[in-house]
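> Turn these sequences into a full structure, and let the hints steer you where they fit.
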Amino acid sequence: MSNLTGPTPGLIIASVLFRHDIHSEKEILKTLELKFGPYVTFHHSYFPMREYYSKEMGESELLSRVFIAFHKPVQRDDLVEAKVWADQFEKGFLYAGKREINLDMGLLTLENLVLATGKNYSHRPYLGQGVFADLTLIMKNGQFQTTPWTYPDYSHPEVIDFFTWARQFLSH
1 MSNLTGPTPG LIIASVLFRH DIHSEKEILK TLELKFGPYV TFHHSYFPMR
51 EYYSKEMGES ELLSRVFIAF HKPVQRDDLV EAKVWADQFE KGFLYAGKRE
101 INLDMGLLTL ENLVLATGKN YSHRPYLGQG VFADLTLIMK NGQFQTTPWT
151 YPDYSHPEVI DFFTWARQFL SH
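Per the UniProt record's numbering, the sequence shown starts with residue 1, numbered consecutively.
Source of the hints: derived by calculation from the structure; they are not laboratory data. You may find that some hints are simply not true.
[Unchecked claim] Under the rule of at most 27 angstroms between Cα atoms (straight-line distance), these lysine-lysine pairs were calculated in the DSSO-like manner:
no.	residue 1	residue 2
1	Lys72	Lys98
2	Lys91	Lys119
3	Lys26	Lys98
4	Lys140	Lys35
5	Lys30	Lys98
6	Lys91	Lys35
7	Lys55	Lys72
8	Lys119	Lys98
9	Lys55	Lys91
10	Lys26	Lys55
11	Lys98	Lys140
12	Lys91	Lys26
13	Lys91	Lys140
14	Lys72	Lys140
15	Lys119	Lys55
16	Lys72	Lys26
17	Lys55	Lys140
18	Lys72	Lys30
[Stated by the list, open to error] Ranges between beta-carbon positions, derived for each pair:
no.	residue 1	residue 2	range
19	His43	Tyr95	21 to 29 angstroms
20	Met1	Glu25	18 to 26 angstroms
21	Leu62	Lys140	31 to 39 angstroms
This one's a predicted model, so the numbers in the text were calculated from it and none came from an experiment. C-beta: ideal position from N, C-alpha, C; glycine also.
This is how it looks when you write it as structure tokens:
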């Protein structure tokens with residue numbers, strides 16, 4: 001028989017994609033810090049989804065991206081609230097019905113990295129309030145492993161290293 005207890009906390013993480021000709025990274029990060037607290041950032045030039053997002057957000061060379069890990073451990077249920085908040089935040093920056101900021105939220109735990117999405121699929125369990133969990137990275141033998149559906153951006157070794165490094169905030 002299993003012992004039903006709550007899970008260990010996780011860290012809210014984010015990926016922010018934005019038009020740097022319109023929005024300041026500093027201002028976006030300031031808003032996120034007010035909501036989620038202190039953070040660390042990681043910039044990486046590998047961005048295979050740039051062309052995909054440029055269809056909605058404009059010229060690919062005008063897009064910038066930053067990964068964020070927030071320091072404060074949270075209850076895992078908080079991922080749903082973070083995703084709902086992020087969707088509202090994005091809606092505040094629509095121009096002609098198109099996003100100028102794309103804010104993807106996730107939860108980093110000792111065991112995995114889960115992204116929050118509003119899109120249902122066979123491998124995405126429902127969490128509530130229109131939010132599904134997308135299991136993106138799995139910790140195995142002390143290293144994060146990708147899944148068959150891990151987005152290319154999250155598969156890059158340096159991005160994986162950032163999230164592996166950020167797990168240290170869970171041990172404090």
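> All hints are to be evaluated individually against the structure, with a verdict given for each.
The hints, checked one at a time:
no.	hint	in the structure
1	Lys72 to Lys98	violated (32 angstroms)
2	Lys91 to Lys119	holds (17 angstroms)
3	Lys26 to Lys98	holds (22 angstroms)
4	Lys140 to Lys35	violated (32 angstroms)
5	Lys30 to Lys98	holds (23 angstroms)
6	Lys91 to Lys35	holds (16 angstroms)
7	Lys55 to Lys72	violated (35 angstroms)
8	Lys119 to Lys98	holds (18 angstroms)
9	Lys55 to Lys91	holds (17 angstroms)
10	Lys26 to Lys55	holds (25 angstroms)
11	Lys98 to Lys140	violated (39 angstroms)
12	Lys91 to Lys26	holds (19 angstroms)
13	Lys91 to Lys140	violated (37 angstroms)
14	Lys72 to Lys140	holds (24 angstroms)
15	Lys119 to Lys55	holds (19 angstroms)
16	Lys72 to Lys26	holds (20 angstroms)
17	Lys55 to Lys140	violated (36 angstroms)
18	Lys72 to Lys30	holds (16 angstroms)
19	His43 to Tyr95: 21 to 29 angstroms	holds (24 angstroms)
20	Met1 to Glu25: 18 to 26 angstroms	violated (50 angstroms)
21	Leu62 to Lys140: 31 to 39 angstroms	holds (38 angstroms)
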